[in-house]
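S.K.: Sequences listed follow chains D and A, in order.
Position one of the first sequence corresponds to residue 1 (my numbering), numbered consecutively onward.
Position one of the second sequence corresponds to residue 1001 (my numbering), numbered consecutively onward.
No wet-lab data here; the hints were simulated from the structure.
Keep in mind that a hint or two might mislead.
As the list claims (entries may be wrong) - Quick look at which bits of chain A chain D covers, simulated, 3 or more residues with Cβ under 8 Å:
| no. | segment |
| --- | --- |
| 1 | 1105-1119 |
| 2 | 1161-1167 |
| 3 | 1207-1213 |
| 4 | 1218-1224 |
Yeah, the Cβ is synthetic: ideal placement off N, Cα and C, and Gly gets one too.
Number of protein chains: 2
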Amino acid sequence: MKGKLYAVGVGPGEPSLLTIKALKVLEEARVVAVPKGKAEKGSLALSIIKDYIKDKEVLELVFPMTDNKEVLEEFWEKAAEKVGALLEKGEKVVFATLGDPSLYSTFSYLKSYLEKQGNSFSVEVIPGINSFSAAASLLQLSLVEGDQNLAVVSAPQNISRLKEVLKIFDTVVILKVNKYLEEIMKVLEEMGLEDKGYFVSRCGREDEYFSRDLKGLLEEKLDYLSMIIVRK
Amino acid sequence: MKGKLYAVGVGPGEPSLLTIKALKVLEEARVVAVPKGKAEKGSLALSIIKDYIKDKEVLELVFPMTDNKEVLEEFWEKAAEKVGALLEKGEKVVFATLGDPSLYSTFSYLKSYLEKQGNSFSVEVIPGINSFSAAASLLQLSLVEGDQNLAVVSAPQNISRLKEVLKIFDTVVILKVNKYLEEIMKVLEEMGLEDKGYFVSRCGREDEYFSRDLKGLLEEKLDYLSMIIVRK
């Protein structure tokens, strides 16, 4: 009997933004695995679904936020061993991931480590509401219309070619902006786009925050889960 | 008493991919408005939600697929008049739109025509699962990881700069590919990416179809709702 691994996107934060299908998969699960960044802290994905899975066994998997590949690899191997042990018993395991499993999720790593460790299992992926769609809903902003085009980029890797991207695309979603606000502002000013930006932080959570005054944020300490949407 | 207009994303096709929040808003509605392309044909959005809204008044709004702006404008004005009349009575009207309301939805047009006609109403937008997240789930494909970046472009407007976009982005979702398959294939071959494409059509519907053999599709008549995902 082969085990089955579900990747369930739980959306950006509001529990009611789970899909009906995601809820059904969670309700039918015995074990729900959730990622978290620190052993001593809670899991964001778990906080979203906790009311839906009161009777379930929860498996918390720690994936520290570090660039040290050796450390990360060790944590990944440990996580895959735990999940793999359940799959080998023929269990269904649901991995709950923030947003959508295909966009910046840790699910692809978990899956590849499970495969590397020689586990045999089937997979089903349930999509979720991603953070920029939730942000656009909050702002009542249409991201793209007709034949327009959209770019989703991460600030750390794309700050040097942001201008190039902004030239080609009608709308650019810049993720992980917390340390790059000043540089982004500079590019927007150079391109006459300084009034086209929307800052959104922790969208879908109780402390969600948005602002069109990017300059006013320069002195603030910004959250890691912050984005800027530039809508030309 | 001011009316309220809800934009509800109903996802790509599978009724269970509606969010819990979208379902709640639909259940509480008296009138549900849906877009459709031809007066004599059914509405795709309606076909997704029909089992959830059996007791509701359905307002079908025709938006023909034409590039003739005058014709379109006439249909838009008519649609806005119908919705506006309900809003002016203080009603709540739910506009159900395919996918996500912020991505290529007709909702932004409806809203702007309603505003032009001087209606006063409040707005709430409920995000939905977009077509490329659903396609990625179907393919069990991770679109972007870590600090990678994603482009979503429409084939008709971007075919000439597809190479440029493919150079910058890790993953490119090309929408409306039905008439551009040959040109896209040519670019992929020139860039050595001919085995990196995934074709997906009518994702989330009963007749959904996907293929990695893009060449094999060159002789086929392709659906308007087709996309190619290029994952480098």
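S.K.: Taking the hints in turn, state whether each one holds.
M.R.: Evaluated hints:
1. 1105-1119: With 4 residues closer than 8 Å to chain D, the segment 1105-1119 of chain A meets the three-residue bar; holds.
2. 1161-1167: holds (count 3)
3. 1207-1213: violated (count 0)
4. 1218-1224: violated (count 0)
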